[in-house]
Amino acid sequence: MASETATEQAGSDRVGTGGVGVGVGSDSAATDHVAAKADRAVARPLSLSAHELTLAYGSRTVSAGLDLEIPAGKVTALVGPNACGKSTALRALARLLKPQAGAVHLDGADVSTLSAREFALKLGLLPQTPTAPDGITVRDLAARGRTPHQRWWRQWSRDDDAVVDAALEATGTAALADRRIEELSGGQRQRVWIAMALAQNAPVLLLDEPTTYLDLAYQVDVLELVADLGRTDARTVVMVLHELNHACRYADHLIAMRDGAVVAAGPPAEVVTAELVEEVFRLKSKVIECPVAGVPLVVPLGGRRPATA
Amino acid sequence: MKLSVGPFGIMLRPRVLAANGGLVLVGFAMMVLSLCLGTYSNLSVDQVLGALFGYGSGDSNLVVRELRLPRALTAVLVGVAFGLAGAVFQAVTRNPLASPDLIGISAGAGTGAITAILFGGVTAAGAGSYGGVPFGALCGALAAATAIYLFAYRGGAITGYRFVLVGLAMQGALIALNRWMLAKADIDQASRVMVWLTGSLNGRDYTHVKWVGLGLLVLVPPVLALGRAYQLLQFDDDTARGLGIGIGRARIVLLVLATCLAAMACASAGLIGFVALGAPQVARRLTGRAEIPLVASALTGAVLIVAADLLGRTLFSPTELPVGIVTGVVGAPYLMWLLARTNRVGKGG
Chain A
1 MASETATEQA GSDRVGTGGV GVGVGSDSAA TDHVAAKADR AVARPLSLSA HELTLAYGSR
61 TVSAGLDLEI PAGKVTALVG PNACGKSTAL RALARLLKPQ AGAVHLDGAD VSTLSAREFA
121 LKLGLLPQTP TAPDGITVRD LAARGRTPHQ RWWRQWSRDD DAVVDAALEA TGTAALADRR
181 IEELSGGQRQ RVWIAMALAQ NAPVLLLDEP TTYLDLAYQV DVLELVADLG RTDARTVVMV
241 LHELNHACRY ADHLIAMRDG AVVAAGPPAE VVTAELVEEV FRLKSKVIEC PVAGVPLVVP
301 LGGRRPATA
Chain B
1 MKLSVGPFGI MLRPRVLAAN GGLVLVGFAM MVLSLCLGTY SNLSVDQVLG ALFGYGSGDS
61 NLVVRELRLP RALTAVLVGV AFGLAGAVFQ AVTRNPLASP DLIGISAGAG TGAITAILFG
121 GVTAAGAGSY GGVPFGALCG ALAAATAIYL FAYRGGAITG YRFVLVGLAM QGALIALNRW
181 MLAKADIDQA SRVMVWLTGS LNGRDYTHVK WVGLGLLVLV PPVLALGRAY QLLQFDDDTA
241 RGLGIGIGRA RIVLLVLATC LAAMACASAG LIGFVALGAP QVARRLTGRA EIPLVASALT
301 GAVLIVAADL LGRTLFSPTE LPVGIVTGVV GAPYLMWLLA RTNRVGKGG
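Listed in order, the protein sequences are those of chains A and B. All residue numbers for the first sequence refer to the UniProt record's numbering, where the first residue is 1 and numbers rise by one. All residue numbers for the second sequence refer to the UniProt record's numbering, where the first residue is 1 and numbers rise by one.
With the rest of the complex left out, here is chain A:
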């Protein structure tokens, strides 16, 4: 599994030594990996923040005065109940939704001042339900991630090949390269989309509910892959997650939202308590230590929900 090898290499390829490209843990692409590492490494982790955002769809305001601080080079999970504004916040960070007020800063610069291409070189995105033309192959889809690196006079380069190979290796989809995506299972397909986002090789990666529609084994598979991106590649990763226990397990930083506002933010071990779960989800629970990872584990107490305030 790509994720296991990536973890093994974590010690040698840490942040600060220049980080690594997407070629983590691929033996067959070892030479490409060196090239990719030299040219494509995440040079340094980038910070992402939002200040005093007012977010609205038409006249319906979702958030007002929203501040978000995304730590550089870590995996951050946005959690909260349905319609709490977490996906909307992610869309604002990804510049898909223009805030009515406030600004998003990427690496210190107001993102509204960047060109579409400059922004795409720094920040990659996996939408919640991406679609591709029928019949596209795995390799062609992953290769689309190179778009911001290409120009009309340079529609393809050797680097592109190396980075796409490495992205397919890292997501365990190299063996599927010539298959059409509609022939794949949901989990395989999701990993191909992640490969496309990796091929973009941006220091910041946003994922909107990357585990939706996947069964439990694939969910864990995808989450381990994403967690490795933060831990070994020095990427700044932000993902919207539904499952609080997954967030505790795979995120370094957790932002809990309700009604368009941040309720708590910090490392899961510090912020996840029974009180927080009740405040955010209106759910009574017991928080115990996860016997496997030592992180908080939320166990619902069940019974009827108390009436919402």
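To be clear, the hints were calculated from the coordinates, so they are not data collected in a lab. Among the hints, erroneous ones may be present.
To be verified - For each label pair, taking beta carbons as the anchor points, the in silico distance ranges come out as:
id: 1; chain 1: B; residue 1: Ala340; chain 2: A; residue 2: Pro291; range: 19 to 25 Å
id: 2; chain 1: B; residue 1: Val26; chain 2: A; residue 2: Leu184; range: 33 to 39 Å
id: 3; chain 1: A; residue 1: Tyr57; chain 2: B; residue 2: Leu315; range: 55 to 61 Å
id: 4; chain 1: B; residue 1: Leu224; chain 2: A; residue 2: Glu270; range: 39 to 45 Å
Stated by the list, open to error - Stretch-level coverage of chain B by chain A, calculated; a stretch enters the list once three of its residues show a Cβ under 8 Å from a Cβ in chain A:
id: 5; region: 4-18
id: 6; region: 26-37
id: 7; region: 240-252
Just so you know, even glycine gets a beta-carbon here, dropped at the ideal spot from N, CA and C.
Use these hints to put chain B onto chain A, whose structure you have.
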């Protein structure tokens, strides 16, 4: 196959190259054949090539250069315009039904042309004259397209689904209007209108070649320059934006260019159906690509119209079938056959 020299790099796909090369060869062969055959007399391939490349003589030169060549060239250029317009409409709206001949743009050209024939004092409907009819068609198509954009535009964007629905409504309204105007016309005018509505290349001369050629020179480069946005517009909006494509502007610019291409093609050859709808789908299957290919769609459009005109002129000679009838009769079954075949071998639609 990948070529890269310094900062330059290009990916060449053998199958796409083969498909495009094959289309060029087939198109050229059909064109030569259509220059050979005709009511005046059938010429040999040698006579035709002689006339084309300057070593021929006498009557055959005149027949080829002055009578048959302008018609064949118009067929090629109009085919390129329809093929490209269809590809852009279908790709940008992500809907294979969003073809200018189905969503009201051709019908708008029809309204403009009928208006010119009925009220403009035009004598020979389109045939031989480059007066009111093409101008009316051009204005009608652009007006219909503008109306579709305005109705489909909402929240700062044009979405494919809404665009197609508005277009279908526009088509319905304009066809009703066209029929009403036809019913008001006298029989002589009505028969001219019918020939134009079907689409015909009869009597096209170098004036047509010049205007359509100039139009393509202006319109094709910007379409090709937006090729990368064109490719990614076939994905969902968020993915395309995430990859750094300014999709809002690219989509509008491409739609405007495609509207001009379709309007120009209708203005020169009438409402030739099926080509804009079928050529991109045929091209996509010939090249084996998931995305609709631009160049192959243009070449397929040209081959379709040259072949259809050749058949129309020779099949029931000396009676001539308008090219618009043949494109539908021959092209549609071919597309159905392609669809059925690709489905059987499990390659999907």
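| field | Structure-inconsistent hints, enumerated in ascending order | value | Result: hints 1, 4 and 6 break, sorted rising.
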